[in-house]
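Residue numbers (this note's numbering), protein chains in the order written: chain A, 1 to 164; chain B, 1001 to 1770; chain C, 2001 to 2296.
The hints are simulated quantities; they were obtained by calculation from the structure and are not laboratory data. It cannot be assumed that every hint is accurate.
Straight-line C-alpha distance at most 20 Å; calculated SDA-like pairs for lysine to any residue [said to hold, decoys possible]:
id	chain 1	residue 1	chain 2	residue 2
1	A	Lys-131	B	Ile-1634
2	B	Lys-1503	B	Leu-1392
3	B	Lys-1767	C	Asp-2098
4	A	Lys-122	C	Asp-2098
5	A	Lys-5	A	His-35
6	B	Lys-1767	C	Gln-2278
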Amino acid sequence: MSQYKVVHCNINGKNVEKAVDVRASLTDMLRNEYHLTSVKKGCEVGECGACNVLIDGEAFNSCIYLAVWAEGKHIRTLEGLAEPDGRLSDIQQAFIEETAIQCGFCTPGFIMTAVEILEANKLYTDDELRKLLSGHLCRCTGYENIFRAVKKTMYNRLGKPIDF
Amino acid sequence: MNKVGKSEARIDGYDKATGRTKYYEDRMPAGTLYVRIKHAEKAHAIVRSINAEAALQIPGVVKVLTCFDVPDIPFPTAGHPWSMDPGHQDVADRKLLNTHVRYWGDDIAVVIADNEVDAVQGVRALTVEYEELPFVLDVQKAMEDGAPLLHERFPNNILKHTQNRLGDYQSAIKEEGLLKVEGWYETPTVQHCHIENHGCYAYEENGRIVVVSSTQIPHIIRRVVGQALGRPWGDIRIIKPYIGGGFGNKQDALYEPLCAWCTTQVGGRCVRIDCSREETFVSNRVRHAIRFHIVTWLRKNGTIAARKVECFSNQGAYASHGHSIVAKAMGSFHQHYPCPNMECDSYTVFTNKPAAGAMRGYGMPQASFADESNIDDCAQTVGMDPLEFRRLNIMPDGYKDNFSGNVNYFDSFRACMKKGAEIIDYERKRKEYACDSGSVRRGIGLATFWYNTAVYPISLETSSNRMLLNLDGTVTMQCGETEIGQGADTVYAQMTAEALGLKSYKDVHVISCQDTDITPTGLGAYASRQTYVAGFSIQQTAGLLKEKILKYACEITQTAVSDMDIEEGCIVRKDDRQILMSLSELAMTAQYNPVHSEHITAESTFTIRNNAYSFGCTFAEVEVDIEMCKTKLIRIVNVHDCGRLINPALAEAQVHGGMSMAIGYGLSEQLIFDEKTGRPLNNNLLDYKLSTFMDHPNLEAYFIENPEPTSPFGTKALGEPPACSGAPAIRNAILNATGVAINKNPINPHILFAEFSRAGLISDPWKEEN
Amino acid sequence: MYDIKALYEAESIEHAVSLRLEHPDAQIIAGGSDVLVQIREGRRAGKELISIYMLDEMRGVSLDDDENIRIGSLTSFSHITRDPIIQKYINVLGEAVDMVGSPQIRNIGTIGGNTCNGVTSADSASTLHAWEAIVELTGKNGVRRMPIKDFYIKAGTVDIRADEGEIQTAILIPKSSYENTYGHYIKYGMRNAMEIASLGCSVNVRLSDDKKTVDRCRIAYGVAGPVPMRAPSAEAVANGENVSETLIDEFALAVLNDINPRNSWRASRDFRLHIAVQMAKRCLLESIKKAGGVIQ
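One chain only, chain A, in its complex shape:
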């Protein structure tokens, strides 16, 4: 018999609760129970980063995170990033402007890691940025424009002129 547990958490700013199969990954819960389909499945073993979400401000591959562990946590997915009226956040806008999006499948995970990086309010070096972004695989972009989008937004937020 399946075992269920009520999981209370805050998803994209809203307190929610739902009975969840204890066998579910956080990916399963977010996609199937909350229809947050920006959370993608690319490997289901924590290697590609497509399912990445923020939990209490840190990036996690939701595919290898049990849904029941979300109890009491603040979870953010890409769906929660734009303004309620649809205006994009600066990092989303930068992904578009820098042509950092191609097939779009790795995009949600990448943007959420970028959010964690940007919220640190630090000016990282190029090598540090590459390392911080290295938990995501992308086969379309060669990472080049993703790097530019994140770096540009980091400089903008810190009010510094950018030098690529």
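We have chain A; now place chains B and C onto it with these hints.
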């Protein structure tokens, strides 16, 4: 032209940046049944029996289907246009599930369950009885007499052997004083690794089968599903939503036929097949590993007297795209470095490995690695700089290939090399690095490639298009050439806006999703053809739509059609540019005119009987740590002539992706198999070394824009070209750094250790053989 | 959806111990980055799990009364790297675990899980061996402590007594081990991120006051044998000797007496031996530099 040639933002950018873009799995109806595939755990065997009793005890299991249940219909899977000539049709060599297991991972049964865990448990609960057969993984061994035979119709496992002869090789090599440069070059099995695995779901609707699939080629899939199930093709409807990359793997019928059949076995209920990453590596398609043997005969002045090229292509277990890939590879040599006497042979050979199909570059990354390695060795043999040697021997200005009709109109090769050399400061660095001698040395190298655009004259080349004038003056556009991430929809919008005279590319609504019930028939995304071929049908269909618009406008404005044009979304009088009416006014009037109402639309097909050469090169700069057997790529520059750029930013992004793939091909990627069992060893993203964010320097992409005369928009191939020349450029840079010529990619630390040991650059006194 | 038979969520260390005693066949899951992957592979499918992930009392780094460093077993790699105590006293451990997998894996992966799975390639393991860490286990009979080298029994097996309800609760670095000691870790991988080590080497030194003599040198490897291991012959070569280039070379060659890597499809034995020597050399050189030594 002002709508093309601009770096417009992708039309799907907003949705993708907000995560709302729907891929096949995001559209799945609730209650869909899970189909999980039982893959053979033998490299070569006959399935004697499958016991499903235990699986059927699992509560959620709905049905078990095995290789003994499927229709006895072999079918082809290659995403080629169908040929009416039986001699040109793809080889039909697999069934939906196979009793004759031909590789470790072959599909032998499915378990259908109402939940994922029960489906997985069901597959584990199946017990299979095999009659094991000897297997063969190596091409040369597979061709030997007495080797295990995969398909009875193909003796010695040779799917096909073709040749290319020019002049008289045997006589030419007798010329006095020739230098011989001979090598065996080996390229690996690699996988596409699109981040979205292939998957699909299928259900019945009014007696027909609907399949929603992550594919590049919906119209071709309809044909293959019909063939595989023995159903009229009109019974099949394929829907292609957004997909998370394809790179050629999804230019094949993967699990659409099996999924379609499964729904018919459960009363038309919706069923899903979602490939895991492990399945994607092994049970989809891979890139052909090709082994080349090249003998080049040089004169002391550096000219090439004669060349012999043999290509042995590892097809794996099933024909898929078959011989087309190595044929293309072989065909590149005489055009790349034309020489009067050539003897070329190519073989495609079945082995007990995963089936090889299309992958970005279609034989050219392999050919480029072999050819460009040999060419650098040639340069070294005659003591010339590799750049100089290429300038001397590469395809000349005005060269015409009589088969494709392609012409090198602009001496593009030399222009690309010149630009690349300047950007990376080739001459200076070449001199500077010549002095390096320690354990850490730097080097610089280059490689070039050419690529065809589209598939004419080998296969049918066609594009269809439909345009509707909307009441607000915008235009809705549909075509069969698919968006797979490359940005096709955006350049279609730009070209349509250009051809029609609309105000902005945003006034074109491209219907991204192909639905074979609705979308005009097209062939899909492959062969770097979309922008080129869609250009013809867009130009033609826009012409037809414009004619209809102006004809209707004539009724209202009483101005002759020939005196009007459309500019910036308005109908204008040609003479003085006077605006007569906006397209919106015209569309409204036409639609709601009580006397003559008209919904203005146009649709047409263009049969393309042209092809175009695309050119380019890569310059790579490396730092090799000899003691640590490591290569660090410091700088990499690609220069392309792909004609006029429709969207420079998208073009640049496309080049980045190809460069990244080439870096992996050059340094790290390889699918490996256990020699003792044929089992794949690294079919996951941890052990298969796809480049990460930390394995690249900045990627630098440049262009030479020579407008392609055959294209209405001056454009030609760019999708695959960036993946072609990176690996040999890195190889040649390592040669420059260390003096060691390595003829096998990926050039990973294992290879470096072996090669540096052999060359005496490293020596371990404790090793027994020392 | 994972094939899990039942999940028991521990609410405290004592609860975890009693759950272990109640469900002796259950598998402990901490961060899950290994266990969940193995369930999906089928290796641990259909098992009962005891989750200790929610036990925040097992997170964090502190100094005890004797100034030994105490790392709670559930402390994630990224928190270890960022921790000021780690940065001050044993920065090399923070650097080593900063090479595990990817940023996301470093957020979920725990040092307890990294050691309890008993694998030789764990990025923390060679450094913990080289710094003679102490493993703390808590069971029905209270706390048991042991040197990390005794904790590893064989590949994949560590000394945790399930029948006593034990779980690993902390890893300790004694003050005597870290005082005036400087180390360096090299991970050898086939790419620069998302990588499992082909070989890992961690060296640390304590130099004499004049920085001319090696007072104490310790070296440990991952993937040089079935479990992480020290290289005592090499240590003996270096201990008490003057810092010099020759010493570094002799030290590096001496590791061949100790290590025993295997041939596998991931790397050949010869390749690993070659790299192991290079790593020893470079790690010792770096450690000496960090300790303020100058190569004569």
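Hint-by-hint comparison with the structure:
no. : hint                    : verdict
1   : Lys-131/A x Ile-1634/B  : holds, 17 Å
2   : Lys-1503/B x Leu-1392/B : violated, 48 Å
3   : Lys-1767/B x Asp-2098/C : violated, 34 Å
4   : Lys-122/A x Asp-2098/C  : holds, 18 Å
5   : Lys-5/A x His-35/A      : holds, 19 Å
6   : Lys-1767/B x Gln-2278/C : holds, 15 Å
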